[in-house]
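Visitor: What follows is each chain in one-letter form.
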Amino acid sequence: MAAKLTDFYKQAAQEFGLAGRIKLAMLTKISSEKAESAEDSPENIRVFEQALKQLRAAGG
Amino acid sequence: MKISTKLILFFCGVVTLFVLLAFALLAQTRTVSAGYDALLRQQVRQAESARVIQVGFKKQVQEWKDILLRGSAPADLDKYTRQFHEQESQVRSGAAALAADVQDAACRDLLNQFLAAHKILSDKYQAAYEAYVGGNFDFKGADKLVRGQDRPPTDLFDQVVQRLNDDVSASVSAQERAVTRARNLALAVSGGLLFGLGLVGFMTVSNILKRLGRLKAVSDRLAAADIEGLAVDISGPDEIGQFGDSMKGVHAAIEELSKLAAAAAA
Numbered sequence: 048m049a050a051k052l053t054d055f056y057k058q059a060a061q062e063f064g065l066a067g068r069i070k071l072a073m074l075t076k077i078s079s080e081k082a083e084s085a086e087d088s089p090e091n092i093r094v095f096e097q098a099l100k101q102l103r104a105a106g107g
Numbered sequence: 016m017k018i019s020t021k022l023i024l025f026f027c028g029v030v031t032l033f034v035l036l037a038f039a040l041l042a043q044t045r046t047v048s049a050g051y052d053a054l055l056r057q058q059v060r061q062a063e064s065a066r067v068i069q070v071g072f073k074k075q076v077q078e079w080k081d082i083l084l085r086g087s088a089p090a091d092l093d094k095y096t097r098q099f100h101e102q103e104s105q106v107r108s109g110a111a112a113l114a115a116d117v118q119d120a121a122c123r124d125l126l127n128q129f130l131a132a133h134k135i136l137s138d139k140y141q142a143a144y145e146a147y148v149g150g151n152f153d154f155k156g157a158d159k160l161v162r163g164q165d166r167p168p169t170d171l172f173d174q175v176v177q178r179l180n181d182d183v184s185a186s187v188s189a190q191e192r193a194v195t196r197a198r199n200l201a202l203a204v205s206g207g208l209l210f211g212l213g214l215v216g217f218m219t220v221s222n223i224l225k226r227l228g229r230l231k232a233v234s235d236r237l238a239a240a241d242i243e244g245l246a247v248d249i250s251g252p253d254e255i256g257q258f259g260d261s262m263k264g265v266h267a268a269i270e271e272l273s274k275l276a277a278a279a280a281a
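Chains as they are written, first to last, in this note's numbering: chain A, 48 to 107; chain S, 16 to 281.
Rather than coming from a laboratory, the hints here were simulated on the basis of the structure. This structure is a prediction, so every number in the text was calculated from the model and none was measured. Warning: the hint list may mix true and false statements.
Unchecked claim - Incomplete in silico selection of chain A near chain S, CB under 10 Å:
no.: 1; residue: Lys-70
no.: 2; residue: Ala-72
no.: 3; residue: Leu-74
no.: 4; residue: Ser-79
no.: 5; residue: Glu-86
no.: 6; residue: Ile-92
no.: 7; residue: Arg-93
no.: 8; residue: Leu-102
Beta carbons: idealized from backbone N, C-alpha and C, even for Gly.
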């Protein structure tokens with residue numbers, strides 16, 4: 048269970064709505080369903096942080 | 016490595032190979048040309064000189080016969096005697112020059128033997144000439160003194176000509192063998208390089224087409240929204256890998272969209 052990765056999806060939904068979730072999936076190449084079963088590895092966390100940062104910079 | 020880099024490298028490889036082959040062929044042509052030039056400068060020229068001396072010696076003997084046949088007329092005697100000595104001198108100087116020029120020791124030895132025999136023959140001709148002029152132009156008596164005496168030097172010189180001709184033939188054969196060897200080597204090396212380059216090109220194109228085929232299959236399924244069990248396993252540092260990576264993003268986005276749609280419908 049990748050709690051941290053799932054949290055990234057929650058954050059994206061809170062900040063940018065459904066479009067934010069879809070864009071996060073596009074940028075990380077990992078859908079929320081797969082994020083649930085993926086590992087909270089440092090690499091995955093780095094990718095999600097980077098994607099969220101990119102979303103914020105673009106304004107969603 | 017990017018496909019564009021691979022293609023540029025392949026193109027450069029082909030161009031380099033053909034430039035190298037052109038230089039190799041040029042060098043080979045120069046070598047062959049130099050070989051034949053050397054052959055013409057030495058062996059062929061010597062064989063030609065030998066043939067000229069051989070003809071000159073036959074002319075000298077002919078002049079002697081003209082002296083005997085027509086020497087009773089003073090003008091003819093002067094004319095044929097002068098021509099006889101001219102031929103004699105040319106044959107001797109030519110043979111001496113050829114003996115100094117030839118590399119083959121056996122041929123040089125034959126030429127020296129010819130020169131010695133020619134000198135003896137000249138002395139005999141002189142004695143016969145004096146007997147002819149002093150003996151009231153008795154050509155039969157003079158002829159008896161030198162009859163058949165030109166055979167030994169003629170045979171010796173025939174051997175010289177034969178040896179020099181054989182030498183030319185052997186050099187031409189050696190040259191032909193060298194050309195054949197060089198040609199076979201050039202064919203083998205260029206064939207090997209072309210085969211290697213062709214193999215690399217074929218493998219590169221084959222790999223690109225195979226991965227493009229997989230990419231198209233993924234694209235077709237995404238276009239049909241058929242993402243159930245779809246795995247985008249196309250990676251690599253080239254343009255196809257980058258495209259495959261983008262496809263993964265699109266795939267994940269469609270999965271997310273499908274999940275949200277399913278949640279909204281529930």
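Visitor: Taking the hints in turn, state whether each one holds.
Guide: To see whether the hints hold, each was checked on the structure:
1. Lys-70: holds (7 Å)
2. Ala-72: holds (4 Å)
3. Leu-74: Because about 7 Å separates A:Leu-74 from the closest Cβ in chain S, which is inside the 10 Å limit, the hint holds.
4. Ser-79: A:Ser-79 check passes; min Cβ-Cβ to chain S is 6 Å, inside 10 Å.
5. Glu-86: violated (16 Å)
6. Ile-92: With a minimum Cβ separation of about 17 Å from chain S (threshold 10 Å), the hint on A:Ile-92 is violated.
7. Arg-93: violated (16 Å)
8. Leu-102: violated (13 Å)
In this structure, the hints that do not hold are numbers 5, 6, 7 and 8, in rising order.
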